[in-house]
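Residue numbers (this note's numbering), protein chains in the order written: chain A, 30 to 414; chain B, 118 to 338.
Keep in mind that the hints were calculated from the coordinates and are not lab data.
Just so you know, not all the hints are guaranteed correct.
[Stated by the list, open to error] With a Cα cut of at most 27 Å, we get these calculated DSSO-like pairs of lysine-lysine:
#1 K98/A x K230/B
#2 K118/A x K93/A
#3 K230/B x K118/A
#4 K230/B x K93/A
[Unchecked claim] Pairwise CB distance ranges, derived in the manner of DEER restraints:
#5 T291/A x T167/B: 45 to 55 Å
#6 N194/B x R126/A: 32 to 42 Å
#7 P36/A x I213/B: 49 to 59 Å
#8 G157/B x R388/A: 18 to 28 Å
Every residue, glycine too, gets a C-beta built ideally from N, C-alpha and C.
So the chains spell out like this:
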Amino acid sequence: MRKSTAPIKVGVLFSQSGATSTIETSQLQATLLAFQEINEAGGIHGREVIAVHYDPASSPGTYKILAEKLIVEDGVRTILGCYMSSTRKAVLPVVQRWNAMLMYPTLYEGFEFSDNVIYTGAAPNQNSVQLAQYMMSNFGARAYLVGSDYIYPYESNRIMGDMLLEHHGKRVAERYVKLDADALDFREVVADIKRQQPDFIFSTVVGRATGHFYRAYAEAGLDPRKMPIASLTTSEAEVAEMGAEVACGHITAATYFQSIATEANQQAVAKYRRRFGADAVTNMCWEAAYFQAHMLAEALRSVGTDSIQQLLPAILGMEFHAPQGLVKIDGANHHTYLTPRIGRVDASGQFEILQAAARPVKPDPYLVDHSIKDWSSQVTVASVG
Amino acid sequence: MPRKSVTPALLRDLRSLHVTVFHPNDEDGIDIIRQLQRIGCQVQAFWPPTERLPDETDLVFLAVRPETLSLSLPWSNGEQKPPIVAVLDYENPTTIEAMLKFSVNGVVASPVKSFGLLSVMVVARQIAARETEQHKQIQRLDQRLAGIRRLTKAKAILMETRGINEEQAYEIIRDQAMAKRVTTEEIANAIIHANEILGFRAKAEVRDLQLVQRKKPIGPS
């Protein structure tokens, strides 16, 4: 039998419009960059990898329709995509019905498992816990919680609330703003923050609203050195959008920052900039999108087909030298070993890495009780300076 | 009320649970075990179901098959009953009957999906905890009711034998209880016992008297 030379089509669903288009566009570009690298290195045994991409416009309904279209009309069997949990939940039944595979490169709230999904973003035990520890030991345990109104912020705030209580701290307030909240919405929130004077602010605001929030904070004359915003979702992409002068001094926990000094990262960033412009910035979701595309290619190479029955065993347990360092897919829960870090935005809009785990942390998506005793042994924190 | 945690306790302690799975070693059984392990529970699996539960069983998954109908599983009833989640592969009357026999607290349908298992466990535990609590409460109420009945009986004995009213009878019982530093219920018991022994004949006489009295008004005399 002759070896097939037909291209392998892979579905790609990241939004170029709608509330979370900035970060999703970076995930799209990371995926396209990885595909370019894969094809330049000879593809899958000579077969080209082609991205079939549609714009789901940050809308769960559109995500669902396009996932179905990718599988039924375009004949793809693997989809790389989704940012908000609501969009993943919309795609999930589709990939299950058609026994296709979804690779999901975004931090999320955990408590999910599907045989048809590989999760390459951080679970809460790989970012929330580290952020809570850092903020409480450096600023105090009275936190003001602000999030966008969807599942991820609610779950993140539950975890943060538990950890604050464990430290005899307090949720000064827990507030939710709509996904497309604007400057006016945040003026009121920030005025309340100013009145209440928490030790720090915990933000899980996502998308364009993030910039409005940080700007309202800056305009109110608050000082990030004394009362910073700590976030799980504010990455280089959001910082670039709002401007470094607004974001400077605020803190984010993530498994990847553009400033990571590994060679794999320097190279990936350089290639990314050659293709998408010298100003292009990377971020944690960009990185997950980038390495998961490479891991998919590696699995495709080793089994020679994109059917999930063969692909899954190849992906489960796979290790890869990603820009953040070594990552590995956990065979039992389909999530990824990742290295948590704490970063602070500097004057150039990049993150100065304040802390990093000494080694990748095992994903634990069903961890309910994120108590301090659980993770102090698990995460050896090495100061990077 | 101060809350120790934002997260409900039923959810918080899921990880410390010892779960016993009575399920054949098939795809569904393996899926259940894997998902329980992902959640972080301690899991043991057996088939067929055993008459005795392993020590430290906090929750049971029980595959319900027609043949389970004939099994006797003492642990599925009674006070110490753990929460039970039935795993059904058919929804016919035979299977439903088998399920009802084991007073289950939750149901999952086959083919088992990993999504939904956590919720059914939490709900089953909540229902079982509520059942246990209600059972205890009913026992307490039963005891109190029995106590009130005995007190009433003791008062009746005193009223009868001493020709006093109810209030006076109660005062005697209460004074005795205070003097001897025991409960009024114990005094009531003592009076009833004493009456049963000493008043055996008298009681028979009283009964005869009552019969005579009751007969009197009947019919024109």
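Taking the hints in turn, this is what the structure says about them:
Of the pairs offered as hints, the one joining K98/A and K230/B holds, with about 25 Å between alpha carbons and a cut-off of 27 Å not exceeded. At roughly 9 Å between alpha-carbon atoms, K118/A and K93/A fall within 27 Å of each other, so this suggested pair holds. Proposed proximity of K230/B and K118/A is supported: the alpha carbons are some 15 Å apart, at most 27 Å. Under the criterion of a C-alpha separation no larger than 27 Å, the hint pairing K230/B with K93/A is consistent with the structure, at around 20 Å.
One distance hint, 45 to 55 Å for the beta-carbon pair T291/A and T167/B, holds here, with the actual separation near 54 Å. Between N194/B and R126/A the Cβ separation comes to about 41 Å, which falls inside the hinted range of 32 to 42 Å. Hint check: P36/A to I213/B, Cβ distance near 53 Å, so the stated range 49 to 59 Å holds. The given range of 18 to 28 Å is respected by G157/B and R388/A, whose C-beta atoms sit roughly 21 Å from each other.
Figure legend: structure checked against the earlier numbered hints; every hint is met.
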